[in-house]
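Colleague: Top line first, the protein sequences correspond to chains A and B.
The opening residue of the first sequence carries number 4 in the working numbering; numbering runs sequentially from there.
The opening residue of the second sequence carries number 4 in the working numbering; numbering runs sequentially from there.
Be a bit skeptical, because a hint or two may be false.
Heads up, simulated BS3-like pairs for lysine-lysine below, C-alpha to C-alpha not over 30 angstroms straight-line [stated by the list, open to error]: (1) B:Lys217 x B:Lys81; (2) A:Lys358 x A:Lys217; (3) A:Lys179 x B:Lys81; (4) B:Lys217 x B:Lys358; (5) B:Lys358 x A:Lys358; (6) A:Lys358 x A:Lys179.
Partial list, derived from the structure: chain B residues whose beta carbon lies under 7 angstroms from chain A [said to hold, decoys possible]: (7) Asn11; (8) Ala69; (9) Ser73; (10) Leu77; (11) Asn138; (12) Pro230; (13) Glu361; (14) Leu364; (15) Asn375; (16) Gly387; (17) Trp415.
Here are some of the chain B residues that sit facing chain A, going by a computed Cβ distance under 8 angstroms [said to hold, decoys possible]: (18) Ser218; (19) Trp317; (20) Arg402.
Keep in mind the hints are simulated off the structure, nothing from the lab.
Every residue, glycine too, gets a C-beta built ideally from N, C-alpha and C.
2 protein chains.
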Amino acid sequence: MADLNQPNPAALIAMMGTRARAAARMLAGLPTEAKARALIEAAAALREATPTILAANRIDMERARAADLSPAMLDRLKLDDSRVEGMASGVEAVAGLSDPVGAVIDEATRPNGMVLSRVRIPIGVIGIIYESRPNVTADAAALCVMAGNAAILRGGSEAVESNRAIHRALVAGLEKAGLPGDAVQLVPTTDRAAVGAMLTAEGAIDMIVPRGGKSLVARVQAEARVPVLAHLDGINHVFVHASADPAMAESLVVNAKMRRTGICGAMETLLIDRDYPAAGALIRALAGAACELRGDERARAVEPSLGAATAEDWDTEYLEAIASVAIVDGLDGALGHIAVHSSGHTDAIIAADEKAAERFLAAVDSAIVMWNASTQFADGGEFGLGAEIGIATGRLHARGPVALEGLTTYKWIVRGTGQMRP
Amino acid sequence: MADLNQPNPAALIAMMGTRARAAARMLAGLPTEAKARALIEAAAALREATPTILAANRIDMERARAADLSPAMLDRLKLDDSRVEGMASGVEAVAGLSDPVGAVIDEATRPNGMVLSRVRIPIGVIGIIYESRPNVTADAAALCVMAGNAAILRGGSEAVESNRAIHRALVAGLEKAGLPGDAVQLVPTTDRAAVGAMLTAEGAIDMIVPRGGKSLVARVQAEARVPVLAHLDGINHVFVHASADPAMAESLVVNAKMRRTGICGAMETLLIDRDYPAAGALIRALAGAACELRGDERARAVEPSLGAATAEDWDTEYLEAIASVAIVDGLDGALGHIAVHSSGHTDAIIAADEKAAERFLAAVDSAIVMWNASTQFADGGEFGLGAEIGIATGRLHARGPVALEGLTTYKWIVRGTGQMRP
């Protein structure tokens, strides 16, 4: 028989799931104000616990330094007063978002008098699997709770002490406002098998959101039996149409690639219409912004200083100051390239020709398609969602930046007066 | 190297998927009229091919009789003039449904002037896996095409000749209207491994819809890596609240259970409030309608002639004239029973007390919740959707009766004037 103090990972996740389901049923019925008040209490508790959280973080940081983690990982792990304050104000910001739960999607009265409504409801239990950033503990928990869901959190082992301290503060705040502590649970073990147990916890966990690097997302997508909300790659294209205004093209392309090269909305491939008259200047503008460029033969004919792209380059998310460049045969050439190489995240056209732009927007089958705007806008905050739990490139449920609405589903409510089916 | 004339199932499905994707890209851009016209041509082609379809069906029927298939299966398999006409008029009816593709879900202008729209688009490639009813070939294909999707159909091996004849007619009609024949493909082999290949064809098939009995749905849900739209069980409850009008309760309960006992919307468990004053009459009314009843101890105290329910009964979808009956402690007792035993399909309350009814509608976490109406209304046609591809009890994407809208997803369209992210 399993030792309940040391349950196996599957039994542990099943137990957590049962408690989460009970909490989720309670949360699903809460009015907006009750959820918002609980998050404001949680934010206050985070602020109050700052010394405890920072002390816990120091333990994580010492272990991480001893384990020779990279400076980038150490930076992601590190907390200070302003980062804890950032978490707390982030939780408060979520409390101010408009609540999708209870919204009536549509309503109809049938000829027999039955009234049908589709009404938004929480999804239920959300599993969040993340890496070294401890702030995800607070961000993800707040979004889940505001949408009426229970959360099961599994953070990176290098942040275990920080996550536990943040989690304790959050739960103390939620409980102070009368919410069940089981609404936000942290997987207590750093055993990697617990991740596998979450991914296969059908019935206990309704959706998994991985937050982290590509290897985490790839593992989650490969192993999960539970639906996953995620994107693996952001191989985003900007197509500069023959009709594009050269000044706009240069500034948008440089912004799309270089504003921040490490985010998923960054441009990775530049496609230039063979009839665009200022290809050389455009390529030089991007190179002049310190971007390494790898071109196809036609691009290298325009600008011989370019390196040569290999077949792999067209399917690579660089996430640094590198881009591939191809000259394509008009809109159809761009659509063909994008159909083969896009990861379905964000693709943009720069054009003055509205007809060409609308054809691009209709034909490109990505979560986000843009006309005359920088791909770097691919972000829940920039889209006016107030926050985001992630960006999804799957085809079902929620796509693109996902915030509270993507953490809900719907049910049909039928109100009758005794109707029987003939 | 694989013999292309006899590819292995995975290679076969991959090839079909590639052709389906190309067809889906073409369909996604078609105006409503073009899709409707193609379906009307397909319906005409079905009518014209009636002799061929019936000849093919006779071959299937002979083989089925030789294989000693049950009379129920033979009936599902059998086609005649009126059933082919039913298929054709069903396809025409789908052509008349309103097209969800292109609908703007919401739109917003950001402070920087970018205009964001969420627009409905087809899902892409839908896999349909079904059993002996050959009419699914036409029904499912029509719904997929009208929503702009390509379909990969895998019918039951006992209907192989009928399905091929129906499929040939459909494709001839679609092609006559200028649609690609690859928009509707029939898996040519009866090799069961082809089903497994469809279920794991991530990237090639975007969603699987199983149409058939519980063992098919269970296999699909267990093995699929592709998202599945389905319900496994319809363990539906009717709760008769203390405030229910006895005449309404009797007629609704009898209708919910006995109108057709074999459909997924049929009531399987009757829950009676201990304070409902006419429990004995209600139980006798249902028993008098020739329903076998299995009660808990309290129900048997009210009506000693009842058989005894075992623990299993509360989790059983009878799909015949049998129901389980329990007396529960008010609304909370009913909610507790339903939380444990409902399959998330359809659950109903009969009550005059509006407050109790609204609490039930809010708290029960099923795809469809009803107040004072028969659970037998759980059907796309009855919901005014014009048709249905199936009823879903999953929590994500589409729930309850699913028709054209459930065969679509959305993308974000951003229209700018040169906005860069600061």
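Colleague: Evaluate each hint against the coordinates.
Modeller: Structure-based check of all given hints:
1. For the hint pairing B:Lys217 with B:Lys81, the CA-to-CA distance comes to about 21 angstroms; that is within 30 angstroms, so the pair holds.
2. Between A:Lys358 and A:Lys217 the alpha-carbon distance is near 37 angstroms, which puts this suggested pair outside the 30 angstroms criterion.
3. Only pairs whose Cα atoms come within 30 angstroms are accepted, and A:Lys179 paired with B:Lys81 is rejected, the gap being roughly 65 angstroms.
4. For the hint linking B:Lys217 to B:Lys358, the alpha-carbon distance of about 37 angstroms lies beyond 30 angstroms, and the restraint is violated.
5. Between B:Lys358 and A:Lys358 the alpha-carbon distance is near 54 angstroms, which puts this suggested pair outside the 30 angstroms criterion.
6. Between A:Lys358 and A:Lys179 the alpha-carbon distance is near 57 angstroms, which puts this suggested pair outside the 30 angstroms criterion.
7. Here the hint on B:Asn11 is broken, as its CB sits about 22 angstroms from the closest CB of chain A, past 7 angstroms.
8. Annotation: interface hint on B:Ala69 violated; nearest CB of chain A at approximately 38 angstroms, more than 7 angstroms.
9. Checking B:Ser73 against chain A: minimum C-beta separation of about 27 angstroms lies over 7 angstroms; hint violated.
10. Taken as an interface hint, B:Leu77 does not check out: its beta carbon lies about 27 angstroms from the nearest beta carbon of chain A, beyond 7 angstroms.
11. Taking 7 angstroms as the C-beta contact cut-off toward chain A, the hint placing B:Asn138 at the interface is violated, the least distance being around 21 angstroms.
12. The restraint placing B:Pro230 at the interface with chain A holds, with a minimum CB-CB distance near 5 angstroms, inside the 7 angstroms limit.
13. At a threshold of 7 angstroms, the smallest CB-CB gap from B:Glu361 to chain A is about 9 angstroms, leaving the interface hint violated.
14. Taking 7 angstroms as the C-beta contact cut-off toward chain A, the hint placing B:Leu364 at the interface holds, the least distance being around 5 angstroms.
15. Annotation: interface hint on B:Asn375 holds; nearest CB of chain A at approximately 4 angstroms, less than 7 angstroms.
16. Checking B:Gly387 against chain A by beta carbon gives a least distance of about 6 angstroms; that is within 7 angstroms, so the hint holds.
17. A hinted interface residue such as B:Trp415 counts as satisfied when its beta carbon comes closer than 7 angstroms to some beta carbon of chain A; here the least separation is about 4 angstroms, so the hint holds.
18. Proximity of B:Ser218 to chain A is violated relative to the hint, the smallest CB-CB distance being about 18 angstroms (cut-off 8 angstroms).
19. The restraint placing B:Trp317 at the interface with chain A is violated, with a minimum CB-CB distance near 17 angstroms, outside the 8 angstroms limit.
20. Residue-level restraint check for B:Arg402 holds (minimum Cβ-Cβ distance to chain A is 6 angstroms; threshold 8 angstroms).
Violated hints for the displayed structure, listed by number in ascending order: 2, 3, 4, 5, 6, 7, 8, 9, 10, 11, 13, 18 and 19.
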